[in-house]
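Going down the list, the protein sequences come from chains H and G.
By our numbering, the letter at position 297 of the first sequence is numbered 297, and the numbering carries on one by one without gaps.
By our numbering, the letter at position 120 of the second sequence is numbered 120, and the numbering carries on one by one without gaps.
Hints listed in this document are in silico derivations from the structure and should not be mistaken for laboratory results.
Hints may be right or wrong, so weigh each one.
Quick look at which bits of chain G chain H covers, simulated, 3 or more residues with Cβ under 8 Å [to be verified]:
id, segment
1, 13-21
2, 164-172
Calculated Cβ distances over 12 Å to all of chain H for the following chain G residues [unchecked claim]:
id, residue
3, Thr9
4, Ser25
5, Trp29
6, Leu34
7, Thr35
8, Leu65
9, Ala79
10, Leu91
11, Arg98
12, Tyr119
13, Val135
14, Lys160
For each residue, glycine too, the CB sits at the ideal point set by N, CA and C.
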Amino acid sequence: MSFFGNKRLIIVLVGLVILISVMGFTARERANLTWPEKLLKDTVSLVQGFFYRPAQAFSGFLEGVNDAYNVYEENRILKANLDQYAQVSAQLKQLEVENQNLRAALQTKNSLTDYQVRVAEVVSRNADQWNDVVIIDKGAKHGIKKDMAVYTATGLIGRVQSVANLSATVELLSSMERHNRVSAIILSKQIVNNQTTYRQINGIVEDYDPRDRLLIMRKIPLDQKFVPGEQVVTSGLGGVIPRGLLIGHVVRVEPGDYGLTQTAYLQPAADFTQINQVLVVERKYVTTPTGELVPSTELNEQGQLLPSGSTASTQSGSSNQTASALAGGGQ
Amino acid sequence: MSRVVLSLTLLLLFFLESTVLPFFSPSSWGLSFLTVPRFALVGTIFVALFIGRREGLLYGMILGLLHDVMYGKVIGVFALSMMVASYFSGLVFLLFHRSIAVVASTVILVLFGHEWLLYSLFRLFYTSPVDVQWVLTKRILPSVALNFVFALLVYLPFSKLCTAVKENKETQGE
Numbered sequence: 001m002s003f004f005g006n007k008r009l010i011i012v013l014v015g016l017v018i019l020i021s022v023m024g025f026t027a028r029e030r031a032n033l034t035w036p037e038k039l040l041k042d043t044v045s046l047v048q049g050f051f052y053r054p055a056q057a058f059s060g061f062l063e064g065v066n067d068a069y070n071v072y073e074e075n076r077i078l079k080a081n082l083d084q085y086a087q088v089s090a091q092l093k094q095l096e097v098e099n100q101n102l103r104a105a106l107q108t109k110n111s112l113t114d115y116q117v118r119v120a121e122v123v124s125r126n127a128d129q130w131n132d133v134v135i136i137d138k139g140a141k142h143g144i145k146k147d148m149a150v151y152t153a154t155g156l157i158g159r160v161q162s163v164a165n166l167s168a169t170v171e172l173l174s175s176m177e178r179h180n181r182v183s184a185i186i187l188s189k190q191i192v193n194n195q196t197t198y199r200q201i202n203g204i205v206e207d208y209d210p211r212d213r214l215l216i217m218r219k220i221p222l223d224q225k226f227v228p229g230e231q232v233v234t235s236g237l238g239g240v241i242p243r244g245l246l247i248g249h250v251v252r253v254e255p256g257d258y259g260l261t262q263t264a265y266l267q268p269a270a271d272f273t274q275i276n277q278v279l280v281v282e283r284k285y286v287t288t289p290t291g292e293l294v295p296s297t298e299l300n301e302q303g304q305l306l307p308s309g310s311t312a313s314t315q316s317g318s319s320n321q322t323a324s325a326l327a328g329g330g331q
Numbered sequence: 001m002s003r004v005v006l007s008l009t010l011l012l013l014f015f016l017e018s019t020v021l022p023f024f025s026p027s028s029w030g031l032s033f034l035t036v037p038r039f040a041l042v043g044t045i046f047v048a049l050f051i052g053r054r055e056g057l058l059y060g061m062i063l064g065l066l067h068d069v070m071y072g073k074v075i076g077v078f079a080l081s082m083m084v085a086s087y088f089s090g091l092v093f094l095l096f097h098r099s100i101a102v103v104a105s106t107v108i109l110v111l112f113g114h115e116w117l118l119y120s121l122f123r124l125f126y127t128s129p130v131d132v133q134w135v136l137t138k139r140i141l142p143s144v145a146l147n148f149v150f151a152l153l154v155y156l157p158f159s160k161l162c163t164a165v166k167e168n169k170e171t172q173g174e
């Protein structure tokens with residue numbers, strides 16, 4: 001009687017029920033955002049751009065002042081590196097030509113490395129450790145789709161988590177609460193009987209250690225040997241991320257959870273603390289959950305096949321990525 | 001008029017958190033601890049203290065919801081935590097007289113409680129465990145310290161603004 005008479009209590013209870021059900025609903029993996037979310041994200045990210053740009057310019061200026069003090073030393077090291085660079089780039093050209101010729105001989109049509117890149121500016125960065133995300137100023141209007149890989153000039157930083165019309169949210173690899181896993185390979189060099197062999201060791205980058213700020217790469221086969229210092233790149237086997245984007249290098253190796261695999265700790269190549277300009281990668285051909293290879297133009301903004309495609313996929317793109325990444329890692 | 005100024009100030013604090021402050025965070029200088037600016041929360045705590053707990057609850061909910069939609073995957077976590085934090089800070093003046101010591105200790109306790117609530121809420125959705133002691137010393141305590149310093153800096157302007165809003169409200173109410 002008095003319970004129903006207490007209007008305030010009823011309001012509070014109804015509010016709590018609504019809040020908890022919204023939390024429960026959104027905690028699941030969602031394919032796309034609702035329109036109020038998109039509208040809010042677009043407007044707020046537009047305003048955030050006005051704040052972020054000057055802050056970025058100011059911080060860049062301070063960094064410039066700092067750099068001016070050690071210009072001499074830096075110049076000396078850079079000059080030494082530049083001599084090697086000319087040689088390495090000549091070597092690279094040669095290898096590229098060779099690769100192309102071999103590909104032509106084998107008549108392969110497309111490779112895992114075919115992709116195009118879109119440049120985007122960061123407009124804001126969430127500072128807390130739970131959802132480590134950045135918001136970029138390009139969205140569905142500019143052709144950004146869910147699950148695309150995002151990298152900076154120095155290395156892979158994450159993947160597009162959700163897309164609004166004029167902005168997109170990028171979940172960083174350093175996020176503690178993250179759902180993306182990246183299929184990766186360790187570029188290992190071994191010398192056996194004075195012969196150098198190059199091996200590509202599969203694994204999955206699936207976690208982040210916030211204490212040491214290292215990425216954790218798991219499910220590496222036990223019989224593969226590699227040493228700290230070797231570089232890790234994306235493998236392209238997951239279907240959405242292309243092959244060959246630099247992730248980082250191995251810092252230490254440990255036995256895996258059940259002793260059946262190995263775990264490597266990686267120092268990420270990209271600096272997660274200062275992200276200003278990012279590159280969003282669109283692969284020319286994308287693997288669908290059913291294992292088909294389709295051109296990425298046939299996907300909608302959620303990274304799913306358009307209805308005109310032969311099989312409409314109900315799975316979201318990221319679970320697809322996980323599944324095929326697992327398959328890739330097991331090989 | 002003062003209400004509009006107050007709302008815009010809170011919104012401005014929310015924008016500063018994610019745009020300007022990351023450039024000056026200690027982790028970007030290579031230090032091991034992380035300070036998370038919660039300036040909007042500091043604002044809503046002051047609103048709850050100086051205007052009333054229901055106002056604080058409302059502002060906390062709106063700013064929390066904005067945070068959730070912008071950055072979070074799970075919508076409602078920050079709405080809940082900021083709402084609860086501001087409401088409880090508003091309760092304090094029902095028990096104690098207003099003085100700077102009470103305000104300071106309330107702000108510290110509520111900031112700490114808010115971080116702690118967030119930690120426990122995210123533990124629900126986040127599978128692999130994070131060491132409690134490490135989170136406490138490297139994340140929560142530095143964040144509380146930063147936000148408390150900010151609270152001390154904006155105490156006077158905020159109390160003036162909030163008192164103006166409250167007076168406006170009371171004259172309109174009569």
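- [ ] Report holds if the minimum CB distance from Ala79 of chain G to chain H is greater than 12 Å, and violated otherwise.
- [x] Violated: least Cβ distance 7 Å, not greater than 12 Å.
Open item on the list: If we take the beta carbon of Thr9 of chain G, is the closest beta carbon in chain H still more than 12 Å away?
Closed with: holds (14 Å)
- [ ] Over 12 Å to the closest beta carbon of chain H is the bar; see if Lys160 of chain G clears it.
- [x] holds (25 Å)
TODO: Against chain H, does Ser25 of chain G hold up as non-interface, every C-beta pair farther apart than 12 Å?
DONE: violated (6 Å)
Open item on the list: Just want to verify: Leu34 of chain G was marked as not at the interface with chain H; is every Cβ pair farther apart than 12 Å?
Closed with: The claim is violated: Leu34 of chain G sits with its nearest Cβ about 6 Å from chain H, within 12 Å.
Open item on the list: Verify this for me: three or more residues of the segment 164-172 of chain G with a beta carbon less than 8 Å from a beta carbon of chain H.
Closed with: Our answer is that it is violated, as 0 residues pass the Cβ test (under 8 Å) against chain H, missing three.
TODO: Apply the coverage criterion to the segment 13-21 of chain G and chain H: a residue qualifies when its Cβ sits closer than 8 Å to a Cβ of the chain, and three qualifying residues are needed.
DONE: holds (count 7)
Task: Distal placement of Val135 of chain G relative to chain H, Cβ over 12 Å - done: violated (9 Å)
Open item on the list: Over 12 Å from every CB of chain H: does Arg98 of chain G meet that, or does the non-interface label fail?
Closed with: holds (25 Å)
Open item on the list: If I take the minimum Cβ distance from Thr35 of chain G to any residue of chain H, is it greater than 12 Å?
Closed with: violated (8 Å)
- [ ] Quick one: work out the minimum CB distance from Leu91 of chain G to chain H and report holds if it exceeds 12 Å, violated otherwise.
- [x] Leu91 of chain G clear of chain H: closest Cβ-Cβ about 14 Å, beyond 12 Å.
Open item on the list: Over 12 Å from every CB of chain H: does Trp29 of chain G meet that, or does the non-interface label fail?
Closed with: violated (8 Å)
In this structure, the hints that do not hold are numbers 2, 4, 5, 6, 7, 8, 9, 12 and 13, in rising order.
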